[in-house]
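Trainee: The chain contents come next:
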Amino acid sequence: MTFFILRRLAALLPMLLAVTLLVFALMSLAPGDFLTPVKAQRDINPALIAELQKSFGLDRPWYEQYALWLGNVLHLDFGYSWTYKVPVAQLIAQRAPATILLSLTSLLLAWILAIPLAVLAAARPGGWIDRLTSAAAYLALAIPEFFLALLAVWMAARTGWFPIGGLTSLDHDFLSPSSQFLDIAYHLILPTLVLGLGGVAGTLRVLRANVLDVLQAEYITAARAKGLTERVVLFRHVLRNALNPLLSTIGYAFAGLLSGSLLVENVMNYPGLGRLVYEAFIREDQFVVLGSVVVGCSLLIVGNLISDLALAWSDPRVRYGR
Amino acid sequence: MAADLLRTLLRRPAGLISATLLCLLYGMALFAPFLSPTIPSAQNLQRTYHPPTALVWQKGHLCVQLYKLIDPSTASYQALPGQATPLSWFSRGTPYKLFGLIPGDRHLFTVSTPDPVYLLGSDATGRDVFTRLLYGAGISLSIGLIGVALTSFLGLTIGGLAGYLGGWTDTLAMRLTEFLMAVPGLYLLLALRAALSSRFPSDATFLLIVVILSALGWAGTARVVRGLVLSLRERPFILASNILGQRPWTILFRHLLPNTFSYLIVAATLSVPGYILGEAALSFLGLGIQEPASSWGLMLGQAQDIKIFMLNFWWLLTPGVAIILTVIAFNLLGDALRDAVDPRFRLPGK
Amino acid sequence: MPGCVPLLLCLIGLVPIACTPKNKETRMDHPLPAGIDTARTEPGRRGGVFIDSTPGEPSTFNPLVSEDATSSGFIGLFLDSLVRNNAVTQEVEPGLATRWDIAPDNKTFTFHLRPGVLWSDGHPFSADDVVFTFQAIYDSRYPNRAAFDLSVDGKKFTIEKIDDLTVRLTTPEIYAPFLETVGGVGLLPKHELESAFRDGSLLKAWNVSVAQKEPHRLLATGAFRLRSYQPAERIVFEANPHYWRADAQGVRLPYVDYLVTKLVKDANASTLAFATGQTDAEGLSPDNVAWIDRYASRYGFSVFNRGPSPNTGFIWFNQNPGHDSSGKPFVPPHKLAWFTDRRFRQAISHGIDRDGLVRGVLFGRGQPLWGPETPANKKWYNPNVTQYPYNPARSRALLAEAGFTIGSDQKLRDRAGNVVEFTLNTNQENQLRANMATAFKENMRDLGITVNLSFLDFGTLVGKIQDSYDYEAGMLGLTGGGDPAGGISVFSSKGRLHQWYPNQKTPATPWEARIDQLMSDQLHTLDYPTRKKYFDEVQKIMSDETPYIYLVTANAYVGLKDRWKNIRIPPLGSLVWNLDELWTPLLTP
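Protein chains in written order, with the working numbering: chain F, 70 to 391; chain B, 737 to 1086; chain E, 3 to 591.
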């Protein structure tokens, strides 16, 4: 198994190389560069632009710039953000916690809502709970995330019940630790609901089908025959087995940890990595883009690996492929 | 076989409803120039953010309520009681080309100028939201179909060849799919779109987006098709064809790939929403369809303006409802299709 | 059960949170400096928090690096300069220099520094800091914008220290905007930054990371010093205990204890924050004024009309006669002939319904624009420029005079029978501009001219305008205002932003040659009336020749909470330029 994990992780390197090369090449094909907005200012001297270009290395062909970056990465230096003049790794590390927090709360929300609902729905297929939840799931899967985010902002603006954007209040620095905690929780509610809704629906659908499958199994019939109450059968025996395949989704959730909320963060004004990355793309702040691509790609591969491991662990019939 | 499938499908209420709804939507998109009272670029700066016009029955005609602009600074309009102008049916109006080919100038309904008919209100420059919604449907809906056709084609060909030929073709194809699946999709989308957009005129961005979305999307299909082909290859009827000396290409195209069709149809139907949502998200960010063309995502992106919320111009959010309806219909149809094909058939998770 | 936590949080979150401050901080009071500057405004009361919001994020707190208005705005809060510009009177006032002498040659300026001023860490401010700042700016290791602003024809100013409180600056030629430019240079603390200057890392000093971890290292001479910076959330400034201004009663300014800036994603979010009572001040775009007004009494704010904004919007035709490397002309010759014909441009100008644009696009809150400066720039605006009111008949007459004819198909043709059609490029990010482009297209249809619209990314558009020149017409805006010297790159034919034909070796037309001369002349005299006369003529020529067809300018609006006193709203620039003088009788927002 160690060999399996090592082999998968070794595959990461050429993958990262290829993806960053591709993204870098594409970005250099795009018209304009980081200095374009500077060029459009009316009182800036062309000589300064030329000097800035030189100091950023923008006067060299793109493959040279890429090779230079790659060389630095070998020394674990991911470059500087041109916008912020701060090392990229530092910048990403600053913004990542907010995004991870949001991903975790919405994942939790998905599981907490989906698990009981799925069991109840599958307990009586075709019953009113089943119909209601599946109708709601269809709806939830059909609403574009950004549209839901837009509606949430609207609701918050019109009612004033929720803060609009941000993760902390303005007086956050002056609050006691417990109030600070509540303050953050309060700010997390809307983004969590928006981001978690699709997850609820997806998990619900998968889990319902799993529960239905397990219910057909012989050991469940046996459990019922032993005279166990329906609730014990459902929640102790059925659910445990139905959850196993769902374990693998943890890996996918991990993969999307940093990139899954890009749209929602941007619409809802949430101070996470998604906003940073999107702005970096728009401004063509090359090294921030490359850094986030490296992080995103690594998470995706590691996440898939975790999924496979979880699946193999929960279901002994799955063998580590060669 | 297709007729059978259709019959089974339409016997299920969910299938019937969703299929009808989709036919309706695509019909509307196809006949948009005829169904809409005007053209999507026609604007009226005197009538910006006009609310949906009410329809009233007056003197034996269906009439459009007239409104007066009472406060241009908040775009508030007031109905003029008793004043309405009759709709004229099948009358001549702005010339158009149906399907991009057939010239025409008949519209289902219009009103005599200068009175406007805004079934779903007007936008920031007084353009008719209903018209833009219909024209936008053409783009939003066809992106799904073209995209799925492209991915299915790519997935089928590459997956089929990889599975059937094996060897280095297989290895190469699988490494490529692994690569594509390991790329953080949104990032690649952003980079691709930035690199390619300036090389296309602004009305061809539409095609560009389809191509980008399908270029990223075929990997999953290819892997499943390859798996199906691998297992089919060992089936007796294929072995028999081999023994009978049929040529490999014939076997692949006559016997192997047709057997993956039922999977493909279901998978394709269920992946259409992904394209529609993808286009909407891109256009919403301002990176997709560009003015003066219209698409649902673009219209929603323009509705992000805060004054639209605070002044309650709710009709500008109707493209969102259109997206939701379409996606639900495709998901329902896909589920119904899957049940019709094989109730035990399970697709790999998204 | 860990799963319950978010649910619980949701429930608790619905209960409004009681916000109780951890500890009340008292402001330190140091003795006032000898050279204290006494504010002439009504004395107020100390205390309170001023809250505003800004779209975007500061990219740095280092004035040598700052390229954007957001960063520069924050830097201006804590770094003062030798002189300051009074935003209301547009006059230069004493800053860290109490007075200055101008030698008869009009090139030598001697500044007398304010005695007793301390940096926010208690270290004395002196002539060494001024000399150090100029040294840093002119150092070739640190390419920065100020180095170019502070030079004439590529020649640097010289600076010498006379004594601890006197410095002398000499310009190589007479340089008209000298005081305004020097007023924009935030002076740097030598004792804090000298080591970074020596080891070559000056551009990395005072970056956002330092601001987060060691905010107090960003030493201040201004009214405020940085207290904390939370990226994408907020920036908190606190009163600088060593600030050099006080009121008539000897109370050290600023009155407010804290200045909190909410960092939001875009102007939309910023506007929303103000409209829901979260912030104290906000610049408003005309289309939002009406609905925001409805919340005025609920949240206790008022909306003020500042009159026309300094922003201009215009359309221009590419008049570049050159060709690309393959020999293909940038503009097809027959179109170039239209574009270089003044009558054609004037006809287009007469064909634009600017009042309609104001009504439809700006909700009636704006006015037509005829020249390069808007009335907002009180000091330099020339009201007597040529106007082109909406008059399609006049347009047709001008076109007929220039040899254009309208056929039976209602299409305009030139002498050679070419249908008049062009593509207008503009950037897609600006919704109001996109609306104007569509309206322009409709106006032109009435003249028989077909306009195709092309909406591009800003980067692509700038590339076309400045590098590849392969376009026919463009639509953009520029922020005007300020000194004419800032417009040299636009007006002079050598300029980079002389968009209709940039970077000319020699002026292509006599009127461009005349503008070049005027722009050069106005730069080399210190006499305001003379400069004004020159610049008035530039504006007149621009309107006569219409290389830019100016469209409309929106009015600028500001919203401000009623609880603030000593507000003086300037026509240009930041609404709360005199933040140090603001005070409020109501301490809770």
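Calculated from the structure, these hints are not laboratory results. Do not rely on the hints blindly, as some may be mistaken.
Computed cross-link-like contacts, DSSO-like style, restricted to lysine-lysine with a CA-CA straight-line distance of at most 30 Å [said to hold, decoys possible]:
id : chain 1 : residue 1 : chain 2 : residue 2
1  : E       : K443      : B       : K804
2  : E       : K507      : F       : K154
3  : E       : K413      : F       : K154
4  : E       : K206      : F       : K154
5  : F       : K123      : E       : K542
6  : E       : K157      : E       : K443
Non-contacting residues of chain E with respect to chain B, defined by C-beta distances greater than 10 Å in every case (computed) [what the hints assert, rightly or not]:
id : residue
7  : N290
8  : Q321
9  : Q430
10 : T440
Think of the CB as a built atom: it goes at the ideal place given N, C-alpha and C, for glycine as much as any other residue.
Trainee: Hints first: check each against the structure and report whether it holds.
Mentor: Verification of the hints:
1. At roughly 26 Å between alpha-carbon atoms, K443 of chain E and K804 of chain B fall within 30 Å of each other, so this suggested pair holds.
2. Of the supplied pair hints, the one linking K507 of chain E and K154 of chain F is violated, its CA atoms being roughly 37 Å apart against a limit of 30 Å.
3. With a CA separation close to 55 Å, the supplied pair K413 of chain E and K154 of chain F exceeds the 30 Å bound.
4. With a C-alpha separation of about 6 Å, the suggested pair K206 of chain E and K154 of chain F falls inside the 30 Å cut-off, and the hint holds.
5. Proposed proximity of K123 of chain F and K542 of chain E is contradicted: the alpha carbons are some 40 Å apart, above 30 Å.
6. Restraint check for K157 of chain E and K443 of chain E: not satisfied, since their Cα atoms lie roughly 47 Å apart, outside the 30 Å limit.
7. With a least beta-carbon separation of about 5 Å from chain B, N290 of chain E fails to lie farther than 10 Å from that chain, contradicting its non-interface assignment.
8. Look at Q321 of chain E: its CB is around 23 Å from the nearest CB on chain B, clear of 10 Å, so calling it non-interface holds up.
9. At roughly 6 Å, the least C-beta separation between Q430 of chain E and chain B is not larger than 10 Å, which violates its mark as non-interface.
10. Taking the minimum C-beta to C-beta distance to chain B, about 6 Å, the non-interface status of T440 of chain E is violated against the 10 Å cut.
Going down the numbered hints, you'll see the structure goes against 2, 3, 5, 6, 7, 9, 10, while the others check out.
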